[in-house]
Amino acid sequence: MLGGIQVKRQTGMQARINIHGYFFCLPFVVIFLLFNLWPTLYTFLLGFGDLRGLKTSFSFVGLANFKKLVNDYNFWEAVGNTFILWGFNFIPQLGIALLFAIWFTDVKLRLKGKGVFRALFYLPNLLTAASVAILYRSLFGYPLGPVNQFLMNVCGVKEAFNFVRNVPASRAIVSFIQWWMWCGQTLILLMAGITSISPSLYESATIDGANDWQCTWKITIPLLRPMMFYILITSMVGGMQMFEIPFLLTGMHGEPDYKIRTTAVYMYNMAFQGRNDYSYAAAISIGMFIITIILAYIINAGVKERAPRKRGEAA
Amino acid sequence: MEYKAKRTINSAIIYFLMVLFALIAVVPVWIMLVNATRTTAQINSGLTLVPSTHALDNWRILTNRNFQIWQGFKNSAIVSLCSTVLCVYFSALTAYGIHVYRFAGRKILWGVIMVLIMLPSSLSFIGFYQFMAKVHLTNSFIPLIIPSIAAAGTVLFMKQYLDSVLSFELIETSRIDGAGEFLIFNRVILPVVQPAIATQAIFAFVGSWNNFMTPFVLLSSTEKYTLPMLVQMLRGDIYRTEYGGIYLGIAVSLVPIIVFYAFMSRYIISGLTMGSVKE
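Protein chains in written order, with the working numbering: chain W, 1 to 315; chain Y, 1001 to 1279.
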């Protein structure tokens, strides 16, 4: 990773120049220590403490918060919710993006309007998540939101449906919004991954008699694995922190019936509403962090397991 | 013949799906824009994709209820602009420092940056809030702006860009000309890395503009509210039936991004993959 010239022994002049490295990196380091490292350590300290309500100082209570966390039904339900909301967004996201990416990079199809499509499809990713949540809240409003009007006037549905009061419907809306916001980005990354595959591979495969289907399954998909791994990990880490959409779509507690309450929303509820239990909220964020790491590790191991062995590598 | 027919059907299906998914991406935004120009009565009477003429009425409904939209706009602009400038300048500075100078702790710093990229930001959130409360910086823009000086992802991007474009001869020549190290960075290096700075500035700006959780938790006085915080107020009781006003309020926060994107989309999309794909 670290390129550049390697200097064995520094002369006085070089040492004087290299001193500047400290000056150049100093702002970053100071701000990192103050606003990133210390808050992270402080979160851990709080996790072992009892800061709640109007208190301004806390004492250590050992693992009490974490014991509570492990036995907290609400926490595990929130973890489950987060997974469901993320999973139902990620699978169609990867599938649809992959399909379009393969079509768009296929030279034989010569599709027109790819650029426009890609630009339109990516747009939702840049929009303010908080505003998007409020927008969909209005679109799925009851009884006269645009979606209900569409269902009644165009599709002939008799009665308006209260989407945000229904568990499967509100979950589907959250997953859909996440998909809507991220599918375009995944498409762009996958297209970049496919175009970086050497065309000579396809040429020689075609000469050897491979058809399009075989080219896709035997060349494109296997060589896209690192890019898909990158998308999976970043999407998972981001998905585990899902906050604005489930928070603002309904009443800030993951209604209906707390079934769209993600761990981030739960953390917010604990820290900034009701009891103001900062220490327990800190424990929730640490718990979520540990779960994320374990997951990333499992995904990583799974990908290594399934990766094809390179030719010449001992079995 | 049969082969050709199959191809045509194939592309017809693909074009159909392209139109369908483009509509899915755009129609919610379009309905928002259309409804922002319609009265609440019109909105309640049915769905349409044709704009009406009541945007100004909705604007009055919106702003009459203490919805300080210009104030919010100003706050969002100040926070986003300041943090963007700090983010790109100091990220470039840090990346250049790591790239060019050999100093003790350089490898450690690089390792820290790599770890930071993968660390979810929610992990430090409670500690960040408590720390800010301790030093009485809640209800201030400082915690929204200053932390962007240490943006690990941007440093990584800048470093990769420097790896690919920067020649050490350029630095050497400037040194022989007698330029100091900071002068070299500001006058010689910054123009060279300008494309990387431009793309990262876009993403830093949009990220800051869209940030909701940090200002929502930290800021308490309404005159400091940023746009996403104002928009979330539209959930409240005072707007319950004023749908036109609600759609307009949402639109106000989204339209600047959409307009900006309309002009810069090519640039933004190519910037997305600039750092992620190794050639």
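Hints should not be assumed to be uniformly reliable.
In silico SDA-like cross-links for lysine to any residue, where the CA-CA straight-line distance does not exceed 20 Å [unchecked claim]:
hint, chain 1, residue 1, chain 2, residue 2
1, W, LYS304, W, TYR230
2, Y, LYS1107, W, TYR230
3, W, LYS112, Y, LYS1107
4, W, LYS218, W, LYS112
5, W, LYS114, Y, LYS1107
6, Y, LYS1134, W, LEU33
7, W, LYS108, Y, MET1264
8, W, LYS67, Y, ILE1014
9, Y, LYS1107, W, VAL30
10, W, LYS68, Y, ILE1014
11, W, LYS112, W, ASN125
Hint data in this document are derived by calculation from the structure and do not stem from the laboratory.
Comparing the hints with the structure gives:
no. : hint                 : verdict
1   : W/LYS304 x W/TYR230  : holds, 13 Å
2   : Y/LYS1107 x W/TYR230 : violated, 24 Å
3   : W/LYS112 x Y/LYS1107 : violated, 48 Å
4   : W/LYS218 x W/LYS112  : violated, 26 Å
5   : W/LYS114 x Y/LYS1107 : violated, 43 Å
6   : Y/LYS1134 x W/LEU33  : holds, 16 Å
7   : W/LYS108 x Y/MET1264 : violated, 29 Å
8   : W/LYS67 x Y/ILE1014  : violated, 53 Å
9   : Y/LYS1107 x W/VAL30  : holds, 17 Å
10  : W/LYS68 x Y/ILE1014  : violated, 52 Å
11  : W/LYS112 x W/ASN125  : violated, 23 Å
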